[in-house]
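*Asks:* What follows is each chain in one-letter form.
There are 2 protein chains.
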Amino acid sequence: MNPIDPALIKQIVEEICKRLEACNDDIPVGVSNRHIHISREDLDILYGPGYALTKLNDLKQPGQYSAKETVKIIGPKGEFDKVRILGPVRNETQLELALTDGFKLGINLEIRESGKLQGTAGIIIEGPKGSVKKGYGAIAALRHIHMPPEFAQRQGIKDKDFVDVVCEGIRKTIFSNVLVRVSDQFVLEMHVDTDEANASGLKNGDTVKIIKNRE
Amino acid sequence: MNPIDPALIKQIVEEICKRLEACNDDIPVGVSNRHIHISREDLDILYGPGYALTKLNDLKQPGQYSAKETVKIIGPKGEFDKVRILGPVRNETQLELALTDGFKLGINLEIRESGKLQGTAGIIIEGPKGSVKKGYGAIAALRHIHMPPEFAQRQGIKDKDFVDVVCEGIRKTIFSNVLVRVSDQFVLEMHVDTDEANASGLKNGDTVKIIKNRE
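Here the protein sequences come in this chain order: A and B.
Residue 291 is where the first sequence ends in the working numbering, and the numbering goes up by one at each step.
Residue 291 is where the second sequence ends in the working numbering, and the numbering goes up by one at each step.
Isolated chain A, as found in the complex:
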């Protein structure tokens, strides 16, 4: 009997691992602390004309990063001193808070998809060079999954579907109405806010599974 070529064994193992990985439906979780996306116009006022954000850390979604810069957020009943700006600048300023934060500030947050800001709560933002009073733009983000097309196809899911997601543990929870956004610009990741993470015991890097698709 001829001995098996070790290089061939390695090749087989790697191919099997690749296939297993392709079938793996674990979805990593990213817990969003309160943060703000800022418009060019507002950044000019808060940090001075033409100010460029300084990258602190890359986020998991390509091109997105946390900036060294923070702002102060002021509500009728409370404030937060150092709310992190996420870059790059966007078309509209959008403040993402947990409902817990909203109660502390004294504002009534709606659960909204990113970018759907009409009729949302207003807020005062203070930077080192100036302050802005926004008539709207503060939301509690609708929980959602960033999903690459290959994963969506394997799961039979399409962009803007809603799915149910289960996380195990002592605070085992099934989250319904989880929005799926599919794009080849996305890395697989479910975003929840700190309330949702704490209610279910989820931490950054934990994984969840989709248990059912809804149209």
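The reader is advised that the hints may include incorrect statements.
It does not matter which identical chain is used: a pair holds within one copy or between any two.
[Claimed, not checked] No more than 16 angstroms apart at the CA atoms, straight line, and that leaves these computed lysine to aspartate or glutamate pairs for EDC-like:
{"id": "1", "residue 1": "Lys-236", "residue 2": "Glu-189"}
{"id": "2", "residue 1": "Lys-209", "residue 2": "Glu-91"}
{"id": "3", "residue 1": "Lys-248", "residue 2": "Glu-186"}
{"id": "4", "residue 1": "Lys-279", "residue 2": "Glu-186"}
{"id": "5", "residue 1": "Lys-192", "residue 2": "Glu-168"}
{"id": "6", "residue 1": "Lys-148", "residue 2": "Glu-202"}
{"id": "7", "residue 1": "Lys-279", "residue 2": "Asp-134"}
{"id": "8", "residue 1": "Lys-180", "residue 2": "Asp-157"}
{"id": "9", "residue 1": "Lys-180", "residue 2": "Glu-155"}
{"id": "10", "residue 1": "Lys-210", "residue 2": "Asp-120"}
{"id": "11", "residue 1": "Lys-144", "residue 2": "Glu-168"}
{"id": "12", "residue 1": "Lys-234", "residue 2": "Asp-260"}
{"id": "13", "residue 1": "Lys-205", "residue 2": "Glu-90"}
Hints were generated in silico from the structure; no laboratory data involved.
Got chain A sorted already, so can you dock chain B onto it with the hints?
*Replies:* Same frame as chain A, but now just chain B:
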């Protein structure tokens, strides 16, 4: 044809309403803000020997009340100024916080059933007359339902069972591992903390339903 006696109609309507009520499986929700149950010994130190708590409001569970008195809670990274004492005094001091609160204080909270305090996080408590450094006693409460025996019997549930509970809405959530405590001293009520309430959009007085029993 004889006219029907209005008193009889009223009696029939009342009987039907009673039966419908008996079949109603909606469970009212009580959202627990951070609070503290205090021992006689600790109250003596914090508010002075023999101090009697002053009732502010009756809670829904018979005999339980919120007191006018509050304490300051101090952790390694933060503090809360006015944490409400719930009366009457208990055998052991027990501080109930949301995990969000724990992060602010800088303490690592375990999810625990009320009274199961061994090995839990310590905390410093300050009152107007003195302060206490507890080696343990701070928990995130395991979500649970206070249930009278008639309701439990109708649902086929017994004391210390765990059930799954669904709450509807834009943040529709199924909470698993919900502990049931059955006693004729209890009024039907599910207790969740502020993280759980905010993650699912629940407010005081909202209702949830049991969807499955587990042994």
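*Asks:* Hint by hint, note whether the structure agrees.
*Replies:* For each hint, the structure was consulted:
1. Lys-236 - Glu-189: Within one copy only: 11 angstroms inside a chain, 39 angstroms across chains, cut-off 16 angstroms.
2. Lys-209 - Glu-91: Answer is neither; intra-copy 56 angstroms and inter-copy 58 angstroms both fail.
3. Lys-248 - Glu-186: Between copies only: 15 angstroms across, 25 angstroms inside.
4. Lys-279 - Glu-186: Answer is between; shortest inter-copy Cα gap is 14 angstroms, intra-copy 24 angstroms.
5. Lys-192 - Glu-168: within (10 angstroms within a copy, 49 angstroms between copies)
6. Lys-148 - Glu-202: within (5 angstroms within a copy, 30 angstroms between copies)
7. Lys-279 - Asp-134: neither (19 angstroms within a copy, 36 angstroms between copies)
8. Lys-180 - Asp-157: both (13 angstroms within a copy, 14 angstroms between copies)
9. Lys-180 - Glu-155: The answer is both: 7 angstroms in one copy and 15 angstroms across copies each meet 16 angstroms.
10. Lys-210 - Asp-120: Within one copy only: 14 angstroms inside a chain, 50 angstroms across chains, cut-off 16 angstroms.
11. Lys-144 - Glu-168: Cα proximity of Lys-144 and Glu-168: none, with 20 angstroms in one copy and 45 angstroms across.
12. Lys-234 - Asp-260: Within one copy, since 13 angstroms is at most 16 angstroms while 50 angstroms is not.
13. Lys-205 - Glu-90: Neither way: Lys-205 and Glu-90 sit 55 angstroms apart in one copy and 68 angstroms across, limit 16 angstroms.
Consistency note: the structure conflicts with the earlier hints numbered 2, 7, 11 and 13.
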